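Chemist: Residue numbers (the working numbering), protein chains in the order written: chain D, 635 to 1192; chain U, 635 to 1192.
Some hints here could point you the wrong way.
What the hints assert, rightly or not - For lysine-lysine, the following PhoX-like pairs were computed, each having C-alpha atoms within a straight-line distance of at most 20 Å:
#  : chain 1 : residue 1 : chain 2 : residue 2
1  : U       : K694      : D       : K1030
2  : U       : K986      : U       : K791
3  : D       : K1004     : U       : K1105
4  : U       : K1187     : D       : K1109
5  : D       : K1105     : U       : K1004
6  : U       : K902      : D       : K842
7  : U       : K1030     : D       : K704
8  : D       : K718      : U       : K1030
9  : U       : K1109     : D       : K1004
10 : U       : K1030     : D       : K694
11 : D       : K718      : D       : K638
12 : U       : K694      : D       : K791
13 : D       : K1030     : U       : K718
14 : D       : K1187     : D       : K1049
15 : U       : K986      : D       : K694
16 : U       : K694      : U       : K640
17 : D       : K704      : D       : K640
18 : D       : K1030     : U       : K1109
19 : U       : K842      : D       : K902
20 : D       : K842      : U       : K694
If you're looking for bench data, these hints aren't it; they were derived computationally from the structure.
Given the structure is predicted, the values throughout are model-derived calculations rather than measurements.
There are 2 protein chains.
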Amino acid sequence: MTGKKKSAQASIEAMYRVFTVPEAPESTLSRIDQNISRNLAGFLQEHIVAVERDLSEVEKNFADSAIPEKPVFVSEQAQFLLDKLVANSVHTASPAFIGHMTSALPYFMLPLSKIMIALNQNLVKTETSKAFTPMERQVLGMIHRLVYQQDGSFYRKWMHDPRHALGAMCSGGTVANLTALWVARNRAFPAEGSFRGLHEEGLFRALKYYGYEGAAIVVSKRGHYSLRKAADVLGLGRDALVPVDTDDNNCIQTDALRDKCLELQKQKIKVMAICGVAGTTETGNVDPLDAMADIAREFGAHFHVDAAWGGPTLFSRTYRHLLRGIEKADSVTFDAHKQLYVPMGVGLVVFKDPSLASAVEHHAQYIIRKGSRDLGSTTLEGSRPGMSMLIHSGLKILAREGYEILIDQGIEKAKSFAQMIDEQPDFELITRPELNILTYRYCPEIAQQALAVADELQAEKINTCLSRITKFIQKTQRERGKAFVSRTRLEPARYFHFPCIVFRVVLANPLTTAEILEDILKEQRELSGEKGIADEINILNQMANAVLKQNQKEAKHA
Amino acid sequence: MTGKKKSAQASIEAMYRVFTVPEAPESTLSRIDQNISRNLAGFLQEHIVAVERDLSEVEKNFADSAIPEKPVFVSEQAQFLLDKLVANSVHTASPAFIGHMTSALPYFMLPLSKIMIALNQNLVKTETSKAFTPMERQVLGMIHRLVYQQDGSFYRKWMHDPRHALGAMCSGGTVANLTALWVARNRAFPAEGSFRGLHEEGLFRALKYYGYEGAAIVVSKRGHYSLRKAADVLGLGRDALVPVDTDDNNCIQTDALRDKCLELQKQKIKVMAICGVAGTTETGNVDPLDAMADIAREFGAHFHVDAAWGGPTLFSRTYRHLLRGIEKADSVTFDAHKQLYVPMGVGLVVFKDPSLASAVEHHAQYIIRKGSRDLGSTTLEGSRPGMSMLIHSGLKILAREGYEILIDQGIEKAKSFAQMIDEQPDFELITRPELNILTYRYCPEIAQQALAVADELQAEKINTCLSRITKFIQKTQRERGKAFVSRTRLEPARYFHFPCIVFRVVLANPLTTAEILEDILKEQRELSGEKGIADEINILNQMANAVLKQNQKEAKHA
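Excised from the complex, chain D in its bound form (with noise of 0.2 Å):
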C-alpha cells in the first residue's frame, strides 16, 4: 500500500471504531456519564458557573463558522462541552430557578432517555419503531381517557385501530396547537358537492365556495402566543387570531366572546375555533372551558383547549373541577415536558372524536401506507423519537397519586408563596395563584399607598416607574445566579389596564421549598437597593410623596 492509501485506510478503520468501540470507562465523557448517574444535582451544582456572563463574551466560544477539517478526540470535545457549554447552561432543574416552566426531573427519567436514545426509534411507521406505536397508542389512549374519561369498550375499539388515532404525538405545545388547529380548519370547510375539501383546494378556494371572506380563531388575549403563530402558518394571517378581553382574573370573558363571534358572523367571517386556555402562560388561570363550550356549539366552531400547562391538573381529586368542561373540547393540547415531568422535546394532542384525526391523514408509497398502523400519517412531524416512552414510565411510575400529589403541593406551594408576598409591605401581588402561577412584584409600602389613590395619569407614572425597577431586579438576579423568576408585561384592570411589568413565578418544582422563596424576595429586596436602580427609586419615592400630599390636600378640601 502507498503511504496515501495507507493512511485512508487507517481513517476508514478509525472511523469504524467510532461506531463499535464504546468510550471507555475513564474516558472524559465516560466519568460525566457515571458522574451524571450518580450524582445529577451535584454534577450541576459543580459545573455550571453561578455568576451569568455576558452572551457576547459566552458568543466567543462559538465564533468559528468553518467545520474543522480534522477530527478532535472525543475527551477534547467532552472536556470543551464541560467548560463552555455546560459551565454556561442554566441550572432549570435548581429549585430556585421558578421563573419558567421547566423543572427538575424524577430520576428515573435520565437512564430511560438512555434507553430511548440508544433504541431510536422512528415513531413515523411500525418497520422502525414496532412495539413503540402499540405503546404510543397507549399513551394517547391514556391521556385521552384522562380527558374525556370515556368508558373501557371505547378504548378497546378504538386505541388500537389502525385506521384512527386518538391524538398526535408532537415535538411539544406549539406543535400539539397548530395540529389541532389544522384539523380544525381543514373540517371548518370539508368536501361538499363540486368542492373537494380545503385540504385539497385550499383556503382561497373554501372561502370562495362557502361564501366567506375570512376564518378566525377566537380566545383570550392571555392566549399562548403559539394560537397567533399557527394563525399564520396555517394561511390564516394573524389578524385572524381574534383576541378576546379577560376579566379581573385573566379569564375570557364569555359575554365578550358570544358578542365577537356575532361580530365576526356579521362580518362573513368563519369562526372556525374557540380556543380555551387552561392555565395561561403568564398567569395559570384556567378560562370558564364549560360555557365556552357551548358558545362553540352555538357557532359550529371547534372547541381546542390549550392545556399545555394545566392539563394534568386533572390528576387532582381537589382540582380537578376547575377544568369543568374540558370533556367538551374537540381537541386538547397537553405538555409532557412540562407537568409530566417528562424532558424536553414533547407534547401531545388529543381529540374527543376518534375520526378528528383523519382531517389531517397523509399518506406515501414506501411508509404509512393506507390501512397501516403507523402514526405517522396523522402526525404533523415525519420522523419522530419515541418520546412516549418517557411518558409512558411516567404514568406507570409515578401514577396518578404521583402526579395528584405534584399538582396538589404546587398550587398549595403558590397559595402560600402568595400569602408570603400579601405579608411583606413592600411587595405587591398582581395575580392570585389559580394554579401554581403568580405574579407580583417589589412594589414600597409608600408607592402602594399613593397607587391605591392615583388618578389614571399618575398611576401611569408610577407604573411606569416600577416597572423599571421591576426589570432592573429581574436582570440582576438572574445574572446573580442564585435564583431566578421571569418577567412579563400585564395590563391590571385597578391600574386602568396600564402595561405593568411583573414578577412571573412557576412552581411546579416540588424541590422548592418556602425558605427558597423567603430568600427570592430577600434577595429581591436588597437589589432594590442597589446604586444601579437608586435614581429610579427616588424617582418613585418622590412622585409617591407628591400623589399622597396632593391626594391629603383634596381630601382636606373635600
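Here the structure of chain D is known, so what remains is to put chain U in place on it, guided by the hints.
Modeler: Coordinates of chain U only, in the frame set by chain D:
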C-alpha cells in the same frame, strides 16, 4: 398524626425521593444503563427478539387505557420495558437493517445525549438555554457555510446577530421543509400599499390583493410527502403541490418544469416556490439544482432544496459536485438524524439571506422579546431541546473528513451492491444508485427475458405478478428478523411507467458489509422458493414462457 395524614406525608416523601435519589447502582435500571454504556450492540442483540411478533399480539401488552392509580416500582417498569417494549422494538442499528434511513450511531452520541437530557435546556429563549443559544447559532452557521460557502466576515457579521438567524433548528426534515415554505409563502405576498402582508391578513386577501387565483409549490413527482403536507398545512391545499415528471434517473425534467411554471402563470397561479430534491427518499437521486435555480429566478419563485438526505454529500470532495447549484437555493433542509448520525429528532433549515427568517418572526411579552438573541422567535416550534449539541459534537469529533468517509463509503457500497445485483441472473436492479440508495427486485431470469420482449399488456401482467412476489419476500424477510429492506412503488420507464413494487435499500450504516448484502440476496432468493408464494411463482413462469413462445413465433413469422 392520623393514619391518613401519615400516609399522605409518606407519599409526599416518596415523591421527593423520586426527584432527589438516583437509581441505586444495582437497580434494574442502573444495570441496563451500564450495560448500554459498555456494550450497546450486545445489549440490543440480547434484548431485541429476532423474530417479529404480530403487532396485534404486541398490542395486548399496551391494552389498558386507564392510568394506574398506584405507583409501580421503577424496577418493575424497567423490567416491563425490557420484556415488552425493547424486546419488540426494531434493531435500527443493525447492519442488516438497510431498509430505512436509520443507522447505527457513533458511540459518543449516547453519553452526550445523557448530558443534554440532564441539562434539560429549552432553546426557545436564552433565559433557559444560555450558551446553548450561541452554540446552536454556530451549528446553523457551520451548515450554512457548508452549503453557501460565504467568507468569514459574512459569518462574523450574521451568525450571532440577535436580529437575524441563519436558519431554524427543527424536530426534523418535515418541520424544516414546512418552515422554508412558510417563509416562501409569506415572502411571496409581502406588505404593499394598503395590504399588510399575507402573514397579517392571510392567504385569501393576499391572493385577492395581488390578483392571483392560487399559489403553487412545484417539485418533481419524487418529492418527499412532507411537501404535500406542507401545502396542506399552509392553507394552499394539496392541489397546490404541483408534481413535475422525472427523467429515467428520477430527476426532474427541467423543460417540463418550465412548461409547468408557464402553465401556472397563465392560470394566474403564483409559483410561490420551486423545490429541488437532493437525494430523493425512494431512489436517492439529485435534481439538476443549478438549472432549477435559474428557472426559479425566471419566475420570481423561492428556490428551496430538500437535502434532508443528501445534504451531507457536501462533505465529500468526490461527490460534492452532484449537488452543484445548491448554493443558489434560498433555503436548504438538512436532517441531522439521518446522515449527520445524530439520534432521532432533529433537522434544520438554513436560509441563504439572513433576513429571510424575519418573514415568520413572532414575539411574546414574557419571552423572545424583540431584540433578544432568543432563537424561538423564528422557529415554528416553541420549546425545543438542545439537540444541536449533538450536531456540534458530530461536526467536531467526526469533522469534515470523518463525514466524507461515511458519505464516500456509503456511495461506493451502493455501487458495489448494484454490481452484485447486476451479476445475479435472478435479481433485477431497478434504479442505479447516484448516492447511497438503490432499488431492485427478485426477478427470475425467464421473467427478465420475457419482460425484454413483452408488449405493454404482457409487461403489466408480469409486473403485477412480480410485485406480489416482491411484497411477499419483503414482508417475510422482515418478519424473520435477520435483515430488513423496505419497499416502495416506482413506475419504471422501461415498463411503460406501470407501477411496480420494488425493494428499497439505504446504505448509510458503516457497519454493513458486502457479506451482509450477499446474505440478504441469498435469503430473498430462498424466500422466493417458499410455499406461501409458490402459486405466484408458477403463474409468473407460465406467463413468462407464454410471452417468450409467442415472441419466438412472431420472430419466425417476421
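Chemist: Against this structure, judge whether each hint is valid.
Modeler: Verification of the supplied hints:
{"no.": "1", "hint": "U:K694 / D:K1030", "verdict": "17 Å, holds"}
{"no.": "2", "hint": "U:K986 / U:K791", "verdict": "14 Å, holds"}
{"no.": "3", "hint": "D:K1004 / U:K1105", "verdict": "15 Å, holds"}
{"no.": "4", "hint": "U:K1187 / D:K1109", "verdict": "91 Å, violated"}
{"no.": "5", "hint": "D:K1105 / U:K1004", "verdict": "15 Å, holds"}
{"no.": "6", "hint": "U:K902 / D:K842", "verdict": "16 Å, holds"}
{"no.": "7", "hint": "U:K1030 / D:K704", "verdict": "8 Å, holds"}
{"no.": "8", "hint": "D:K718 / U:K1030", "verdict": "14 Å, holds"}
{"no.": "9", "hint": "U:K1109 / D:K1004", "verdict": "16 Å, holds"}
{"no.": "10", "hint": "U:K1030 / D:K694", "verdict": "17 Å, holds"}
{"no.": "11", "hint": "D:K718 / D:K638", "verdict": "36 Å, violated"}
{"no.": "12", "hint": "U:K694 / D:K791", "verdict": "13 Å, holds"}
{"no.": "13", "hint": "D:K1030 / U:K718", "verdict": "14 Å, holds"}
{"no.": "14", "hint": "D:K1187 / D:K1049", "verdict": "39 Å, violated"}
{"no.": "15", "hint": "U:K986 / D:K694", "verdict": "23 Å, violated"}
{"no.": "16", "hint": "U:K694 / U:K640", "verdict": "38 Å, violated"}
{"no.": "17", "hint": "D:K704 / D:K640", "verdict": "17 Å, holds"}
{"no.": "18", "hint": "D:K1030 / U:K1109", "verdict": "34 Å, violated"}
{"no.": "19", "hint": "U:K842 / D:K902", "verdict": "16 Å, holds"}
{"no.": "20", "hint": "D:K842 / U:K694", "verdict": "48 Å, violated"}
In terms of the numbered hints stated before, the structure departs from hints 4, 11, 14, 15, 16, 18 and 20, listed from lowest to highest.
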